[in-house]
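S.K.: Each chain, letter by letter, is given below.
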Amino acid sequence: MSFQDIVFIVFAAILLVSGFRVVTSKNPVHAALFLVLAFVSASALWLLIEAEFLGIGLVLIYVGAVMVLFLFVVMMLNIDIELLRKGFWKSLPLAAVVAAIMVSELILLIKVRGADVKPANDVMHSASNSHALGKLLYSDFIYPFEIAAVILLVALVAAVGLTFRKRKDSKYVDPGKQAKVMRADRLKVLRVQSEKFLEQPQPNADTPAE
Amino acid sequence: MMLAGLNIVPALPETFLLCAVSVLLMLDLFLKENSRAILLGGSLLSLIVTALIVLNVGESGVIYTFHHMYVLDPLATAMKLAAIATVFVIFVYGTQYVTDRGMFKSEYYALMLFALMGICVLVSANNFLSMYVGLELLSLSSYALVALERDSVKSTEAGMKYFVLGALASGMLLYGISMVYGGTKSLDVNEVATIIGSGAANMVLVKIGLVFIVAGLAFKLGAVPFHMWVPDVYHGAPTAVTMFVSSAPKLAAFVFVSRVLGQALPALHGEWQQMLMVLAVLSIAIGNITAIAQTNLKRMFAYSAISHMGFVILGVMVNSQAGYAASAFYVITYMLMTLGGFGLILLLTKAGFEGDQLSDLKGLAQRSPLFGGVLLLVMFSMAGIPSTVGFISKFSVLSAVLAGGNVALAVIVVLLSVIGAFYYLRIVKLAYFDAPESTAELSTDKGMKFALVVNGLFILALGILPQSLLDYCQQVVLASFAS
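The listed protein sequences derive, respectively, from chains A and B.
Going by the working numbering, the letters in the first sequence line up with residues -3 to 206, in that order.
Going by the working numbering, the letters in the second sequence line up with residues 36 to 518, in that order.
It is worth saying that the hints were derived from the structure and are not from the lab.
Note that the structure is a prediction, hence the values are computed from the model and not measured.
No residue lacks a Cβ here, since even glycine has one placed at the ideal position from N, Cα and C.
It is possible that some hints are incorrect.
The calculated lysine-lysine pairs, modelled on PhoX-like cross-linking and capped at a C-alpha distance of 25 Å, are [said to hold, decoys possible]:
#	chain 1	residue 1	chain 2	residue 2
1	B	Lys481	A	Lys173
2	A	Lys184	A	Lys173
3	B	Lys220	A	Lys131
4	B	Lys140	B	Lys481
5	A	Lys22	A	Lys86
6	A	Lys176	B	Lys481
Partner residues aside, some chain A positions facing chain B, computed with beta carbon under 8 Å [unchecked claim]:
#	residue
7	Asp136
8	Pro140
9	Ile143
10	Val146
11	Val150
12	Val153
13	Ala154
14	Val156
15	Gly172
Can you make the complete structure from the sequences, with help from the hints?
M.R.: Shown next, in the form of structure tokens:
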């Protein structure tokens, strides 16, 4: 058993256990954290077969961005886990059938096609694949790549254009304007004549009597 | 180094446009509320400069760059010029409208220019990948533009519908493209054609892909049976945006269709000609017949646009030099008509009032004989009555169809156009023979009024002397479609 095999077994075991815990843990925050662990071990497996671009991408995009966002959402929403688990036993048979079909498909696929699948590092063992991808993106595909960047800019402009509005209830005041205020702008002195004392008004006849 | 041989000169118009938009967006941050007019001036100026660059980099031959992703041929140059001119006119027409509706801000101009850039990318794309990103650039900007009037429920609804259906169509298109890639192992327009010609392609995959591509394209053109979004989007969008959605993207869609079908998949013309024929006849029929029942001008123009797109598809369907040239002429001159039509709606529209009902046009000729005349020209041209350009464009498409030997088809289309003439002439009747319902003054925007009159005169002038534009379209197609 080589060192690589040992590393594979360790990470695969962690992946399986954390995947199982995602489904079974009672606390949604724990489930999300186990999903992070599953992603990290999966990216270690990618690295093991020298697909480092996919490994890095998985960590950066899924762990770094998607899962953090997900955790925020999970923490902000008050999820009633009992409510979610209510239909568990009812839908178990269906889930079991789907799982059985998927497992048998996988076994068939590996048995039939497994013979001619070559390890990835045979195909591209000279160049690192992020190097190769980067080279293609910045040479052959530079034009669509740049246009894709413009599309992201459009998304940004559109999002601001469609959602940003000045809040009507904003209490913000401009300090410059505050400093410039003169007494005459705010204060009006009224000369009030002293008047005779009026009698207490009679209770309103329109008010319904109880 | 691979980048050393890169020739970016052909792509200079897009590059300049991108820089100009970025500058405008930055500039907006430092502008005071009352100096927003600089935005309009800046946008118009960048359009003029872009047009000059297009004129200068355009050559009579075909140039490829960016590893065959980008092509600069006379067809691309012609369509870019037409699109830039269209957007220029839209900015001039729409100024008063966007000011009244509180949309006079940098997003409107930036998104419009981004959409124009998408059109430029699309007409110059020589690879399915760059076509797709160009299309997405155009579509995403249009979705946002349609929904830009945020406080109007109609506008938001239209934006939502456009977005969801547009995403569906993009998905179909992409699926078709992936099929073609699977069948030919290439995304390059010329290479796909060569591989199919050499018989090395998996034709089953390519044909399945073709079906999806045609469906996606028909959606983008707004052809029946993929036209459901057109009336709702035209009706709901702010009129200045409707004017855009109904005009410049059609230029790009025409080039897209002719490049995909005419340059990449000409070997399959037997298959796609039948599909296009069905699309064209259904579009002309349903567009013209449903338009009769509309009381809202914007919806009526939407159905009219569907039938006009039927004619454009008809020209492509013929798959001959004459057919493509006729379609190019049709789509360019259609810009004049649709701009004129929506310009008239804007003329009747004021702050807080949309002049988009048929009854608003009553007695227009009495209120203003000049604009009654413009209306007469626009409607006659849309109906295809001689001495206006609409007649010439319909005539050239039909003669290409006849030259292709399809007499029955031409007869059907002519009969359907006669039905269409009814609702155009009804508008002329409303404007000339009915008493006006309101005596309110028309729009006071002098620049727009001037441009609208020039627009009408162009329709008349090109109707009487169409030869130079016809010749130009023929040359363009001849140089771009070498086959």
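S.K.: Against this structure, judge whether each hint is valid.
M.R.: Comparing the hints with the structure gives:
{"no.": "1", "hint": "B/Lys481 - A/Lys173", "result": "violated, 38 Å"}
{"no.": "2", "hint": "A/Lys184 - A/Lys173", "result": "holds, 19 Å"}
{"no.": "3", "hint": "B/Lys220 - A/Lys131", "result": "holds, 20 Å"}
{"no.": "4", "hint": "B/Lys140 - B/Lys481", "result": "holds, 21 Å"}
{"no.": "5", "hint": "A/Lys22 - A/Lys86", "result": "holds, 18 Å"}
{"no.": "6", "hint": "A/Lys176 - B/Lys481", "result": "violated, 40 Å"}
{"no.": "7", "hint": "Asp136", "result": "holds, 5 Å"}
{"no.": "8", "hint": "Pro140", "result": "holds, 5 Å"}
{"no.": "9", "hint": "Ile143", "result": "holds, 4 Å"}
{"no.": "10", "hint": "Val146", "result": "holds, 6 Å"}
{"no.": "11", "hint": "Val150", "result": "holds, 5 Å"}
{"no.": "12", "hint": "Val153", "result": "holds, 5 Å"}
{"no.": "13", "hint": "Ala154", "result": "holds, 3 Å"}
{"no.": "14", "hint": "Val156", "result": "holds, 7 Å"}
{"no.": "15", "hint": "Gly172", "result": "violated, 14 Å"}
Of the numbered hints listed earlier, those contradicted by the structure are 1, 6 and 15.
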